[in-house]
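Undergrad: As you go down the protein sequences, you meet chains B and S in turn.
So the first sequence is residues 1 to 109, counted in the working numbering.
So the second sequence is residues 1001 to 1501, counted in the working numbering.
Hint data in this document are derived by calculation from the structure and do not stem from the laboratory.
Among these hints, one or two may not hold up.
Below 16 Å or equal to it, Euclidean Cα-Cα: the simulated EDC-like pairs (lysine to aspartate or glutamate) are [unchecked claim]:
| hint | chain 1 | residue 1 | chain 2 | residue 2 |
| --- | --- | --- | --- | --- |
| 1 | S | Lys1143 | B | Asp96 |
| 2 | S | Lys1143 | B | Glu77 |
| 3 | S | Lys1488 | S | Asp1440 |
| 4 | S | Lys1177 | S | Glu1267 |
| 5 | S | Lys1101 | S | Asp1417 |
| 6 | S | Lys1143 | S | Glu1041 |
Label pairs and their computed distance ranges (CB to CB) [stated by the list, open to error]:
| hint | chain 1 | residue 1 | chain 2 | residue 2 | range |
| --- | --- | --- | --- | --- | --- |
| 7 | B | Asp17 | S | Glu1158 | 29 to 35 Å |
| 8 | B | Gly90 | S | Asp1293 | 25 to 31 Å |
| 9 | B | Glu95 | S | Asp1010 | 26 to 32 Å |
| 10 | S | Glu1340 | B | Glu77 | 19 to 25 Å |
| 11 | S | Phe1297 | B | Asp96 | 33 to 39 Å |
| 12 | S | Glu1310 | B | Val72 | 14 to 20 Å |
| 13 | S | Arg1066 | B | Val67 | 43 to 49 Å |
| 14 | B | Arg103 | S | Ala1358 | 56 to 62 Å |
| 15 | B | Val72 | S | Asp1351 | 34 to 40 Å |
| 16 | B | Glu77 | S | Glu1310 | 20 to 26 Å |
| 17 | S | Asp1351 | B | Ala23 | 52 to 58 Å |
A virtual CB, placed ideally from N, CA and C, is assigned to each residue, including glycine.
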Amino acid sequence: MSADSPADPTGGVISRDEVAHLARLSRLAVTDAELDVFAGQLDVILSSVARVGEVAAEDIPPTSHAVPLQNVFRADERRPGLDQEQALSGAPASEDGRFRVPRILGEEQ
Amino acid sequence: MTAPTLVDFDDVVARFDPTLGLEVHVELSTNTKMFCGCPTEFGAEPNTQVCPTCLGLPGSLPVVNRTAVESAMRIGLALNCSIAPWGRFARKNYFYPDMPKNFQTSQYDEPIAVDGWLDVELDDGSTVRVGIERAHMEEDTGKSLHVGGATGRIHGAEYSLLDYNRAGVPLIEIVTKMIPGTGDRAPEVARAYVTQLRELVKSLGVSDVRMDQGSMRCDVNLSLSPKASGELGTRTETKNVNSLRSVERAVRYEMTRQAGVLDAGGEIVQETRHFEEQSGSTRAGRRKETSEDYRYFPEPDLVPIAPSPEWVEELRGTLPELPWERRRRIQAEWGVSDEEIRDLVNAGALDLVEATVAAGAPSGEARSWWVSYLSQQANTREQELTDLPITPEQVARVIALVGEGELTNKMGRQVVDGVLDGEGEPDQVVEKRGLKVVSDEGALITAVDEALASQPDVAEKIRGGKIQAAGAIVGAVMKATGGQADAKRVRELVVERCSAE
Ligand SMILES: [Zn+2]
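Isolated chain B (complex conformation):
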């Protein structure tokens, strides 16, 4: 989480404000009551995971992948995909061969 966010008064690793911020980034409508619940729950999860750091020694590099593999590639060859009807079959709404989504909030990325 952000290094400059104010320390949570309860001493947890994630603040209620940070949970609200994350909810906004994820476009999730979270009520005040839910924020209290989630902040508490996430705090438990994060503190539990953080305990791993306590046993990690200096000589153990952080792991991002569990398998000792690298350079896994595919040849630049086409493979059959989905047709338009199949592609749109799971969409809640579509129009003119395109996925139809609600008015987009905020600016384009």
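Chain B is fixed; fit chain S with the ligand onto it per the hints.
TA: Same frame as chain B, now just chain S with the ligand:
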């Protein structure tokens, strides 16, 4: 929103130092997308080049396109970058429907190519070295169509329609280091850099770099600082500047706008701005997110990429001659002016002419055929010169036939027409259309005698020494032979026949 106060450009550069930064996205022209086997062609029916992976459906897994990685490395090497011996992809998380996965697979702090440069040549022949910070791999997003409200614009739109054909197309983002000290030439440097980068990437054959089709896109970062202040100003990022001319205009506009804000005692806000093609101005977009908001983390579904030194050297060996060096070499070989070579490049004819010369044609003829007759044909047929259905070898054959006197220039054009119309190889067209310079002297002499006999008064004049009257007889002979005779030889024969009598 009030219109911004713009400061006169000369006044801006007298009092401020601009610092430039350019981010260029290049869409690779691989057969398939970055992480799945879907095609990448521009212009297909919406959502017909998609699969579970690029639609972000549950259970699908990405696999990296080897050719895309090699293209990224070749771009990096051509830009004098070092190739990272080990690196991972990362997830850039954001919630927006142009990415159905809700994250873009990108490279974050482990780009594949770092720390290079490109020497950019300006109009007056001087050179500016532009540092390259990084080139990294990522994937393109889908295309949104906003419906309702102002046409195509997001503001006031009622809903949006998404086409994911482009989602997942390999994208290389090339980021410059800060470019300070360009002063009043900042707009020119920006344009020259993008022009040269475009040419370089094109020469690698990894992208068609069409700015009009979005396969090359440019974001312009610009800040101003008061002269000799030693401070760096706050920068803005102007997005989607999609033509070379716009790159120049966007830099110029931001310089004059930012100076206006600073003069009024205001502060430049770090934000994304959008370039307005029509007015040449920029308008404020969203405030820039901090990279923290994207919650980057290493992509767990893709394993690291670790190019071996052997692989890197093998790719370095595939780099072609730099386009501007090649141009200089060709110019010297052919002995043509700067202007002529520029015309060839602008007409998209340089490669074609070079291949025609390689097929044995003299460079002068090769240039002339491509730049004049074939360019006209391309225009008439509404095709690109490179798309004309005639090869440099075929053009060289026509040039040889004309050079050997087998065909007149006019016949040569007819042969080219025949090839363009699918009548086969030049020699077949000559055969089928019965195109041949009449060199049978007997037949020609008969034709000359007949013409002289049918115009006795003209013949009389020629005999009397009025050689210029021969034109009428030459014309008659050319007509009688269907334009296939060599006019010069006919003229000689007319004079000969008249004096012999
Ligand atoms: Zn796909």
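Undergrad: Hint says 43 to 49 Å; check whether the CB-CB distance for arginine 1066/S and valine 67/B agrees.
TA: Distance hint for arginine 1066/S, valine 67/B is violated at roughly 19 Å.
Undergrad: Quick one: are glycine 90/B and aspartate 1293/S within 25 to 31 Å, going by C-beta?
TA: Given a distance of about 29 Å, which is inside 25 to 31 Å, the answer is holds.
Undergrad: Assess, step by step, whether the Cα of lysine 1101/S is no farther than 16 Å from the Cα of aspartate 1417/S, and give holds or violated.
TA: violated, 52 Å
Undergrad: Starting from the range 19 to 25 Å, see whether the pair glutamate 1340/S and glutamate 77/B falls in it by beta-carbon distance.
TA: At 43 Å between Cβs, range violated.
Undergrad: Go ahead and decide if the range 33 to 39 Å is satisfied by the Cβ distance of phenylalanine 1297/S to aspartate 96/B.
TA: holds, 36 Å
Undergrad: Starting from lysine 1177/S, check that the Cα of glutamate 1267/S is at most 16 Å away, please.
TA: violated, 24 Å
Undergrad: Decide if the proposed pair is consistent with the structure: lysine 1143/S and glutamate 1041/S, CA atoms, cutoff 16 Å inclusive.
TA: Holds. Lysine 1143/S to glutamate 1041/S sits at ~14 Å (cutoff 16 Å).
Undergrad: A range of 26 to 32 Å was offered for this pair. Does it hold for the Cβ distance of glutamate 95/B and aspartate 1010/S?
TA: violated, 51 Å
Undergrad: Verify the CB-CB distance for aspartate 1351/S and alanine 23/B against the hinted window 52 to 58 Å.
TA: holds, 55 Å
Undergrad: Taking the beta carbons of valine 72/B and aspartate 1351/S, is their distance inside 34 to 40 Å?
TA: Check passed, 36 Å falls within 34 to 40 Å.
Undergrad: Could you check the hint for me, namely that glutamate 1310/S and valine 72/B are 14 to 20 Å apart, CB to CB?
TA: holds, 18 Å
Undergrad: When you take the CB atoms of aspartate 17/B and glutamate 1158/S, is the distance between them in 29 to 35 Å?
TA: holds, 33 Å
Hints 2, 4, 5, 9, 10, 13, counting from the list given before, are not met by this structure.
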